[in-house]
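Here the protein sequences come in this chain order: A and B. Residue numbers for the first sequence follow this note's numbering, so the first one is 92 and each next one is one higher. Residue numbers for the second sequence follow this note's numbering, so the first one is 32 and each next one is one higher.
Rather than coming from a laboratory, the hints here were simulated on the basis of the structure. In this text the structure is predicted, and so the values were computed from the model without any measurement. The beta-carbon is built from N, C-alpha and C at its ideal position, and this holds for glycine as well. Hints are not guaranteed to be accurate.
A few chain A residues that face chain B, going by a derived Cβ cut-off under 7 Å, partial list only [claimed, not checked]: (1) SER115; (2) GLU118; (3) LEU119; (4) ALA124; (5) PRO134; (6) PRO136; (7) ILE137; (8) PRO164; (9) ALA244; (10) PRO306; (11) TYR310.
Computed list of chain B residues with no C-beta within reach of chain A, every gap over 12 Å [unchecked claim]: (12) GLN152; (13) ASN193; (14) TYR256; (15) ALA339; (16) ASN429; (17) LYS442.
Read off the chains here:
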Amino acid sequence: MNRREALFSIGAAAAGAGIAGRASAAELRGVPAATAQTADHMPGPIVRGGDFKVFTDQTDHATLKAVFDRLIPSDDHGPSASEAGVLDFLDAQLAGPYGDGAAYYLEGPLQPGHEEEVMGQKQFLETPRQRYAKGLKALEQYAQDNDGASFAALSPDRIDEILTGMEAGRIDLPGGVFGQAFFELMLQNAREGYLSDPIYGGNRDFAGWTMIGFPGARYDYRAYVDRHNEDLALAPVSLIPSN
Amino acid sequence: MANWKKIGAGAGAIAAVAAIGAGTWAYETLETSRSDVADDNVTLATFEANPEAAERGEYVMRMGDCAACHTRGQGEMAGGYEIETPFGKLVSSNITPDTETGIGKMTERDFFNALRQGIGQHGLLYPAMPYTAYAKLTDADMHDLWAYMSTVEPVQNDIDENAGMPFPFNIRLAMAGWDMLFFKNEGFDGDPVADRGRYIVDGAGHCSACHSPRNILGAEQGSAYLHGANVDGWHAPDITSNAAMGVGGTSAEDLARYLGTGTDGVAVASGPMAEAVQHSLQYLTVDDRLAMANYLLSVEDSGAERTAPAKIADSAELAYEVNCSACHGLNGEGIVNAVPAFKGNNALLADPSSLIHVMLNGARAPYTEGARTAAGMPSFAWKMDDAQIASVLDYVRNSWGNQAAAIAPAKVGRMRETLGASQPISALPE
Chain A
92 MNRREALFSI GAAAAGAGIA GRASAAELRG VPAATAQTAD HMPGPIVRGG
142 DFKVFTDQTD HATLKAVFDR LIPSDDHGPS ASEAGVLDFL DAQLAGPYGD
192 GAAYYLEGPL QPGHEEEVMG QKQFLETPRQ RYAKGLKALE QYAQDNDGAS
242 FAALSPDRID EILTGMEAGR IDLPGGVFGQ AFFELMLQNA REGYLSDPIY
292 GGNRDFAGWT MIGFPGARYD YRAYVDRHNE DLALAPVSLI PSN
Chain B
32 MANWKKIGAG AGAIAAVAAI GAGTWAYETL ETSRSDVADD NVTLATFEAN
82 PEAAERGEYV MRMGDCAACH TRGQGEMAGG YEIETPFGKL VSSNITPDTE
132 TGIGKMTERD FFNALRQGIG QHGLLYPAMP YTAYAKLTDA DMHDLWAYMS
182 TVEPVQNDID ENAGMPFPFN IRLAMAGWDM LFFKNEGFDG DPVADRGRYI
232 VDGAGHCSAC HSPRNILGAE QGSAYLHGAN VDGWHAPDIT SNAAMGVGGT
282 SAEDLARYLG TGTDGVAVAS GPMAEAVQHS LQYLTVDDRL AMANYLLSVE
332 DSGAERTAPA KIADSAELAY EVNCSACHGL NGEGIVNAVP AFKGNNALLA
382 DPSSLIHVML NGARAPYTEG ARTAAGMPSF AWKMDDAQIA SVLDYVRNSW
432 GNQAAAIAPA KVGRMRETLG ASQPISALPE
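The shape of chain A in the complex, shown without the other chains (with noise of 0.2 Å):
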């Protein structure tokens, strides 16, 4: 700025000063009036079981359901991980984008062994539809070649055998399934099941966040942060209201 302009400005500001007997007004432009949700920031259906997508094969289904309810069993605490919709949630979640891998770098090249030292980890070039898929047919494989009978008719301590010795590297599944991955994907999405919002077809009616005294999607503790050692007994509440 030179100052033959500082000056034009500075008289701009006189002029604007020269009507100050008027109120000052100022407008917000290009933020939306609307705050309504558009289709695209819809969240999807709520999901409430029954139709099964991906585990349409009753065999898969049973051996999945025999794992989860010994990783989450029915008790005192609450009920089973299939009790509480773990096995709907599951199946909305891998008929999704997580069952593609959308979110996954699923490209070679994989050089087994190589890549295990770099990451610390296995690392696959299947989606976890895929995994669950081959994983499922392996875990009633091993049944049948081992014990001569189906994965779901096992005995829940040959179960939980078989289950720890996958989950301590001692146990691989045929078809070169690899056991111990393979039981921490499923562990994982047990928990998510079992912990994550209703809506998402697990955790039905609240069943893991009553277990854990987790209140839910409240907006705001303002009125409880006060109150020490108590119990607040707050109902659990979920994103979609139900009443």
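With the hints as your guide, set chain B onto chain A.
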């Protein structure tokens, strides 16, 4: 902005009075001697405005909120705002000085005739253009407004105002009958300086266009002046001195603050009132706003009373705490200058259209020099079904000293449909 739907309710009747209107009885309403003070030679396109007059005229334009209807994304004052009526679509005119598509060929006299008597370039105007209120504008304000209009940038934007109206509603002469019945071809009946508040409210401000109920032919009911009315899915509340439902309990200073900033510390203007504040009222002087407030507080009490209370559902308190309290406060206290309080907010207690509207579509508070948050109210359409929305609003309307009748979920459902709001996701097929 206002939808003027009701104007169409008596469409048949309008057609019937058209014949009468075309006759000699309309002489009085079409008599334009009031415009004798205006020049009839120089056109708007060629008029050389005195800068001071134009500046004063800009103030009159702000009071009249011309931009609310005439600026809709097609250029300043270039028109194009579509107003749906049951007998078809009306579009606001291009009022820039463009000679071909605007009002550049109008003389000052033509302009006076259009603004104060509803006699436009193509014939009689429909009363969606609030000439019934602008009729009160003084000659001095009209001269200044004319000067301002000449400084507007000409924009070429061809508009066929009533092309969307089928026969016989497209016959502009029909308005002669309407004018004869409902239009008073008279200026302001008081002293525009001493009576400044009423002059703005009834004249340029055209407040009663939204705040007074209309009769079946779309004319304001004088007997229910400022008693509150529904416009375009909103409720413009009672703004008479009534203390139970109107603005009677408010001080003139707080009322003036609401007009200038959109909030008095309790209510926050939403919808069409937020627009009126943001684009028009915040530009007025503090004195003018105070004059309007004092006038409103002197308007005869509507006599409105609170309705019988609604029963609050057991689940409503939790729904309120979980969804609303973060912004509106656990005790309905709101957030000063940003989020409306529910305690002591009379506007909540009458017709619930605005409340349902805001729940379904969300809303944004006006952004003004005095209140710069422009906070947003989120839409709950995707989250709550009709009964849940009715129930949480019943809670709001019957807590903290409030009292109002129950809202029928079916009313929420009807508004969900007309506003095109989404269905709650709990109702969508998986």
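(Q) Could you work out which of the previously given hints the structure breaks and list their numbers from low to high? (A) 8, 9 and 10
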